[in-house]
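Asker: As given, the protein sequences belong to chains R and C, one line each in that order. Residue 435 in the numbering used here sits at position 54 of the first sequence, with consecutive numbering throughout. Residue 102 in the numbering used here sits at position 99 of the second sequence, with consecutive numbering throughout.
Only true hints are included.
Derived CB-CB ranges, DEER-like:
1) R:T494 x C:E84: 23 to 31 Å
2) C:E20 x R:M396: 42 to 50 Å
3) R:E434 x C:R15: 40 to 48 Å
4) C:S86 x R:T397: 36 to 44 Å
5) C:G44 x R:M396: 22 to 30 Å
6) C:E63 x R:T461: 44 to 52 Å
7) R:T461 x C:P114: 45 to 53 Å
8) C:E58 x R:F432: 28 to 36 Å
9) C:Q17 x R:N451: 48 to 56 Å
10) R:F432 x C:G19: 42 to 50 Å
11) C:H77 x R:K399: 46 to 54 Å
12) C:E63 x R:G384: 14 to 22 Å
For the record, the hints were derived by calculation from the structure and aren't laboratory data. Just so we're clear, the structure is a prediction, and the values are computed from it rather than from any experiment. Here a beta-carbon is modelled for each residue, glycine too, at the ideal position from N, C-alpha and C.
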Amino acid sequence: ETGVTQTPRHLVMGMTNKKSLKCEQHLGHNAMYWYKQSAKKPLELMFVYNFKEQTENNSVPSRFSPECPNSSHLFLHLHTLQPEDSALYLCASSQEGGGGTGELFFGEGSRLTVL
Amino acid sequence: EDQVTQSPEALRLQEGESSSLNCSYTVSGLRGLFWYRQDPGKGPEFLFTLYSAGEEKEKERLKATLTKKESFLHITAPKPEDSATYLCAVQDSGGSYIPTFGRGTSLIVHP
Numbered sequence: 382e383t384g385v386t387q388t389p390r391h392l393v394m395g396m397t398n399k400k401s402l403k404c405e406q407h408l409g410h411n412a413m414y415w416y417k418q419s420a421k422k423p424l425e426l427m428f429v430y431n432f433k434e435q436t437e438n439n440s441v442p443s444r445f446s447p448e449c450p451n452s453s454h455l456f457l458h459l460h461t462l463q464p465e466d467s468a469l470y471l472c473a474s475s476q477e478g479g480g481g482t483g484e485l486f487f488g489e490g491s492r493l494t495v496l
Numbered sequence: 004e005d006q007v008t009q010s011p012e013a014l015r016l017q018e019g020e021s022s023s024l025n026c027s028y029t030v031s032g033l034r035g036l037f038w039y040r041q042d043p044g045k046g047p048e049f050l051f052t053l054y055s056a057g058e059e060k061e062k063e064r065l066k067a068t069l070t071k072k073e074s075f076l077h078i079t080a081p082k083p084e085d086s087a088t089y090l091c092a093v094q095d096s097g098g099s100y101i102p103t104f105g106r107g108t109s110l111i112v113h114p
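Excised from the complex, chain R in its bound form (with noise of 0.2 Å):
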């Protein structure tokens, strides 16, 4: 498999869930980035882990909560969420340094709802 691969695809919860989102890729790279797509706003930085390691917090609430396990695998763990958090939920990849370029590579997304 190749790429960055993000599951689930859509996820429904209410206000009292705990769910989690996954994502995995397996192009090698160091950075990994949770981003949040609402209709007619630009891409909002949620976190960016590099080398596993927490370097931004983009003042998340705290019902939001990273993990980074290694370098491959990210997940975001939802806990007591509001309808306002309804939203696409990106998982980006790069390689950061020692010749990197710079550019994301973006997985499908999961499409949350909270009811």
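Given chain R's structure and the hints, the job is docking chain C onto it.
Answerer: The following block gives chain C in isolation, referenced to the frame of chain R:
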């Protein structure tokens, strides 16, 4: 603070009607400018990277150009399958390696 502005917000073309999308940016120094294509309900797909003013890159009916203040994505004789949202992003050489994205241009090409 980096700023990336894309225009127009939406563009409707007839098949074969060439046009251009604009991405204007403000950075302390440009490390790279990126164009992506995004189909509905999917993640963005990388198209081009441009690094310096005067640089051009082509892929099928698309050509990206770069000046010191803006980039254009020229679409020559578009087809309905070119319909998508086109995103522009920039990396600031003086700051974080994380790119800043514009809001995108939604392109619809009618047969």
